[in-house]
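Peer 1: Listed below are the residues making up each chain.
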Amino acid sequence: MLSFEGIDVISIADFSKDGVMKVLKIAKEMVPYATGKKTSRSLEGKILSALFFEPSTRTRLSFESAMKRLGGGVLGFAQPEGTSVMKGETLADTIRMVDAYSDIIVIRHPQEGAARLAADFAKKPVINAGDGAGQHPTQTLLDLFTIWETFGKLEGVNVALVGDLKYGRTVHSLTLALSMFGANMRFVAPPSLQMPREIVDQVKERGLHLKMTHDIHDVIGDVDVLYVTRIQKERFPDPQEYAKVAGSYRIDAQLLHDSRKDLIVLHPLPRVGEIAPDVDETPHARYFQQAFNGVSVRMALLSLVLGATK
Amino acid sequence: MKELRVTPIKNGTVIDHIPSGMALKVLKILGISEKVSSTVTVAIHVPSKKTQWKDILKVEDRELNPREVDKIALIAPTATVNVIRNYNVAEKRRVVLPEKAVGILKCGNPNCITNQREPIETVFLVNNKMPLTLKCRYCDRAIEDVAAAII
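In the order they appear, the protein sequences are chains R and P.
Every letter in the first sequence is one number past the one before it in numbering that gives the first Met the number 0, and letter 230, counting from 1, is 229.
Every letter in the second sequence is one number past the one before it in numbering that gives the first Met the number 0, and letter 108, counting from 1, is 107.
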């Protein structure tokens, strides 16, 4: 049997297809608890350490909400200022200490590999809540959950990823996870920000339908999911070039007129103008629901890793 | 009678079957520079029955530790390491490419946690042996130039 008890959750690549499905199914069972309609004390007496070495709103608050909705307690910090880290303590030492104070550790850190290191030093399970430009597995799980919950499946779903596909960590993990489930991918990005070749090759190896374009109009009529990411200003030496590129990937209600009726628009948030506010009122907007789903998915993971759900 | 290009050594190590052109990199790995205290013989572009050309290195009065042998395996996977004691081959070993390289390579990603002040050794996982590709266990970054990444 597939057991999650006591495991570290560092990278989505550590998950099998069955493992992902198990998390998604339990996340669905968690929804009434995540909304507060039902209550649970299944993690009563358990403590989560939330170590946020860099700022985060959604990830930190949804982990805290998830733990508290299951009756557990939370301690930790939201930024390293004022902690012994600022006095020069190594991450290894911080982890050894926190390991003794809690039952599970959630870490967000600006350096790649920090969560793997934390897992090496902690006896308790570690969940990676984002390490630099590296992995952010719970974001991928909640993205998958949102698509799966909407369409009832992942296989054969047509997903367009839009924006910065070169540097965005979430889109790389999401692409590999979706291709594991047999989703068809469209990559919509300016040539300088297109999906890295090694990721494209891995999708091709799975024999999936794949399309790469710089023009969003090429795909808008035949996709089920539009996953929009932020294009960062600092990727462009010329501010005018940035404005031009960013403008051409702006999603608005007008653009969605040509889309499928049941198309959903997702975004890992925060958005900075990539999705016009007039999309919020359309049935396509699903990004706030996606952010809420973070609570159900994290409840599922905490419950599995702490052994409250088998 | 065939003339020996390099003479036998009494005690030390002979590293044979180094891919042609890699001997100087092996020297660098072993930390052998102009300040050596024992005799070191380097033979470059030597005819070989197996591979047409090879390099050979003889280091007198020194035996290699396992970590040094692992380092050689990363850049010269065909090499053999012969330990010489009193003119005899006391041990003959092929270098073996390890499944993972621990503490012998530096990650090229400046933002990798292994490049911070943490009490850990680097770990690289061998993804593919031919051609050799290695990935940092911590940040997943692949190494582009293995020889240049050796610590």
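Wrong hints could be hidden among the right ones.
As the list claims (entries may be wrong) - Which residues of chain P face chain R? A partial, calculated answer using Cβ under 7 Å: (1) 52; (2) 86; (3) 88; (4) 110; (5) 117; (6) 118; (7) 138.
Hints were generated in silico from the structure; no laboratory data involved.
On a predicted model such as this, the values are computed, not experimentally measured, just so you know.
Glycine residues also receive a C-beta, built at the ideal position from the N, C-alpha and C atoms.
Peer 1: All hints are to be evaluated individually against the structure, with a verdict given for each.
Peer 2: Each hint, compared with the structure:
1. Checking residue 52 (chain P) against chain R: minimum C-beta separation of about 33 Å lies over 7 Å; hint violated.
2. Among the interface hints, the one on residue 86 (chain P) is violated; its C-beta lies about 47 Å from the nearest C-beta in chain R, farther than the 7 Å criterion.
3. Because the beta carbon of residue 88 (chain P) sits about 41 Å from the nearest beta carbon in chain R, more than 7 Å, this interface hint is broken.
4. Because the smallest distance between the Cβ of residue 110 (chain P) and any Cβ of chain R comes to about 5 Å, under 7 Å, the interface hint for this residue holds.
5. Annotation: interface hint on residue 117 (chain P) holds; nearest CB of chain R at approximately 5 Å, less than 7 Å.
6. Interface hint at residue 118 (chain P): satisfied, since its Cβ lies 5 Å from the closest Cβ of chain R, which is below the 7 Å cut-off.
7. Checking residue 138 (chain P) against chain R: minimum C-beta separation of about 4 Å stays under 7 Å; hint holds.
Of the hints listed earlier, those the structure fails to meet are numbers 1, 2, 3, in rising order.
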